[in-house]
Amino acid sequence: MQNFNFTPLKMPPDVASLRRAVRSFLDTELAELKAVDKAQSWAGYSADFSRKLASKGWVGMTWPKALGGSEASALHRYVVIEELLAAGAPVAAHWIADRQSGTLLVRYASEAVQQRFVPAMARGEMFFCIGMSEPNSGSDLASIKTKAHRVDGGWVINGSKLWTTNAHRSQIMIALVRTTAQGQARHAGLSQFIIDLSSEGVKINSIADHLGARHFGEIFFDNVFVSDDMLLGAEGDGWNQVNSELALERSGPERYLSSYRLFAELLESLDGECDDATTQTIGEISADLWTLRQMSMSIAGQLAEGSEPSLEASMVKDLGACFEQNLPHSVQAGIGASIPSDRDSDLSETLSYLLMASPAFSLRGGTREILRGIIARGLGLK
Amino acid sequence: MTQQQQLLEETVSGLFAEMVVPMGRELDIDSDWKTLTQLGIDNIFVGEDEGGFAGSWQDARIVFYHAGRNALALPICETIVAKKLLLDANIELPKGPLTIATAIGSRLEPCADGDGYAFSGSLKAVAWGRISSAIVTACRHHDKDYLLVLSSADGVSSGGRANEAGEPRDNLDFNSAKVLAVSQFDGAEQALWGKAALMRTAQISGALDAALEMSVTHVKGREQFGRPLAKFQAIQQQLAMLAEECAAVNCAAQAAALAEDLGNSRFEIAAAKLRANRSVGSATSIAHQVHGAIGVTGEYNLHRFTQRLWAWRSEFGNDRFWAENLGRQVLAVKDGGLWAHITALSDNHAQQ
Ligand SMILES: Cc1cc2nc3c(=O)[nH]c(=O)nc-3n(C[C@H](O)[C@H](O)[C@H](O)COP(=O)(O)OP(=O)(O)OC[C@H]3O[C@@H](n4cnc5c(N)ncnc54)[C@H](O)[C@@H]3O)c2cc1C
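Chains as they are written, first to last, in the working numbering: chain S, 246 to 627; chain H, 9 to 360.
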């Protein structure tokens with residue numbers, strides 16, 4: 246049977262000082278932010294904040310110095326991002342660029358292309374979005390229809406993307422598209438392109454979610470030209486590239502901390518005093534939280550050593566999404582003797598927000614069922 | 009894993025697999041115990057000059073895990089923990105299988121003849137109590153904590169139903185019994201309970217993996233509706249969830265063992281045992297469900313693991329015990345709240 250690797254990570258010795266520096270920066274920057282805005286976690290958007298964070302050197306930390314990064318270790322970056330999430334910093338603007346797009350460019354793009362984008366990303370000025378899902382392709386990603394065909398000096402792209410986070414407030418998309426018609430091998434013929442969203446033929450609409458927030462959108466490509474050097478990696482290799490990106494995408498601290506602000510608000514409002522039932526709930530949540538952090542850190546350690554634990558990452562994402570989705574329900578169920586029910590409190594407002602926002606946690610980045618399918622394959626059941 | 013740990017893992021996994029008591033065979037404690045001790049498995053924490061392994065909790069975890077994974081019906085884990093406590097308390101190690109237990113209403117007093125101490129108290133549900141030669145327990149006396157060793161033979165047996173897996177859990181009453189050794193030891197009871205909880209956590213992790221492995225093997229082989237059960241998505245999704253529980257508990261046990269090696273692990277052990285306990289209900293339910301009727305028969309081996317899982321969930325702290333313990337720890341955190349606390353735990357480890 247497959248053995249899953251969750252060797253515990255020992256953090257590098259100097260992380261405590263980095264943590265202190267990030268905390269003191271956040272103490273100042275987030276002083277005015279309302280509790281419910283902190284609860285937006287990595288969906289909270291502030292281009293201004295992203296620029297300030299970048300000026301501290303905390304965006305694109307692992308990228309080469311020549312491209313504006315600081316060649317820090319992946320674990321130092323991990324410490325910074327978990328601090329940002331725990332504090333509820335509005336990181337959405339640069340999140341995707343920092344987490345995966347920049348790393349993809351560093352890995353696959355030509356030097357000229359890197360110079361064109363990466364330094365601006367590291368300054369927190371250039372934001373990226375991910376174009377994978379389409380109207381008729383969600384879980385079944387290989388069925389995408391958006392296609393690129395060759396023309397003189399480049400490619401012309403036609404089709405559309407849907408549910409693209411920050412579509413309307415990013416400059417660049419990395420899109421997965423078909424470069425050859427779908428044949429027998431479903432995963433062949435897909436390629437990744439860098440698309441400048443100010444290009445002619447691009448039309449973008451934001452979409453309101455059921456809370457009225459506009460964090461994602463739809464994008465239409467009508468004969469959009471991209472030059473040859475905008476093909477990312479090898480033609481036809483898109484599926485593999487996307488999959489190694491997923492290991493970066495699925496195990497980070499954002500996969501279990503999306504509801505953390507509610508727990509923090511709860512503990513703050515209790516101020517050390519509560520009944521036995523609430524004490525137990527707090528114990529249970531803490532045990533899950535601690536365990537998930539150990540799992541996520543273990544994967545961070547493995548990624549830093551150059552392995553790609555994608556099966557383990559799927560486990561963390563699924564367990565983490567269940568945890569952050571259940572947390573608001575546990576808090577709601579326990580309101581009463583100890584947990585105050587004042588509807589105007591920060592706690593109550595944060596709870597309402599997360600009850601409504603949390604269904605998306607097990608959809609974005611791969612649904613529960615798809616992740617469990619990947620794990621089942623790893624168990625040899627498929 | 010270090011090379012030494014790999015070697016240890018190979019040794020114990022092979023050894024324990026051979027020792028699995030086949031159905032109907034009586035446990036041969038003498039010969040099986042001899043095999044274990046000849047290899048020094050009970051001496052994980054004992055120094056190298058004394059013929060031990062000079063090991064860590066991370067090493068001991070490997071033994072606990074494989075004891076769970078093979079449903080080993082011998083008090084090897086208890087003996088290892090007992091010896092570690094005695095080593096920490098500078099008490100000479102008794103021979104034979106040892107066990108650990110906490111006492112209710114206990115009392116320590118100087119012996120009438122002025123030589124040593126006498127202990128009175130009830131030890132309930134002592135794991136392998138009567139099979140063991142000596143019991144390590146804790147007691148408070150004149151506002152000080154003591155760790156002490158009792159001879160099992162001095163205990164008056166007052167029943168004690170075996171646990172769900174048929175492992176002995178004996179009630180033993182001591183009435184002014186002379187203690188074999190005693191040493192002052194701050195926080196003796198918490199130390200004993202915490203280390204024992206870590207041990208059970210790692211055993212639970214092993215038994216969960218065994219239940220997963222049996223389930224995977226079974227659904228690949230068993231056919232219904234013309235294909236293996238493994239090909240049904242409902243089955244695949246259930247086993248993925250089981251695998252996630254296995255992974256979470258395995259990770260928690262390893263991280264808690266590391267924390268125990270590095271010092272104060274009150275938080276980590278509480279979290280790990282609670283996480284392990286919380287996995288037991290859904291994990292055993294899934295493992296049995298995918299097996300169908302064969303899984304609940306006496307002749308099929310699944311119950312050897314699920315029964316232990318049900319038993320170990322309540323031993324050395326059930327969910328409620330550890331949830332309240334951990335909850336109180338979290339509520340007592342002052343500076344910077346929970347997040348500052350749990351990150352400080354891992355950052356402090358980093359500096360060691
Ligand atoms: C907040 C949010 C942000 C997002 N951001 C982005 C983004 O930036 N870029 C991007 O490309 N996409 C993004 N997505 C889209 C996301 O990746 C998809 O929602 C997801 O892949 C599921 O696709 P779908 O919504 O079309 O659902 P469907 O694929 O239609 O699935 C609906 C349900 O059916 C289940 N299902 C589907 N297939 C199977 C199967 N074979 N077996 C069992 N069950 C199945 C699914 O698990 C799910 O429960 C975002 C989504 C959300 C909610």
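Since the hints were made in silico from the structure, they are not lab data. Do not rely on the hints blindly, as some may be mistaken.
[Unchecked claim] Below are the EDC-like pairs computed for lysine to aspartate or glutamate, each with C-alpha atoms no more than 16 Å apart in a straight line:
id	chain 1	residue 1	chain 2	residue 2
1	H	K342	S	E513
2	H	K342	S	E518
3	S	K279	S	D259
4	S	K301	S	D272
5	H	K239	S	E480
6	S	K627	H	D162
7	H	K342	S	D467
8	H	K186	H	E231
9	S	K255	H	E117
10	S	K392	S	E480
11	S	K301	S	E370
12	H	K132	H	E197
13	H	K132	H	D162
14	H	K152	H	E221
15	H	K152	H	E117
16	H	K186	H	D151
17	S	K310	S	D272
18	S	K255	H	D355
19	S	K301	S	E316
20	S	K255	S	E480
21	S	K390	S	E513
[As the list claims (entries may be wrong)] Covered stretches of chain H (chain S as the covering partner; in silico rule of three or more C-beta atoms under 8 Å from a C-beta of chain S):
id	segment
22	108-119
23	135-143
C-beta atoms are modelled at their ideal positions from N, C-alpha and C, and glycine is treated no differently.
Earlier hints that do not hold, by number: Failing hints, ascending: 3, 5, 6, 7, 8, 9, 14, 16, 17, 20, 21, 22 and 23.
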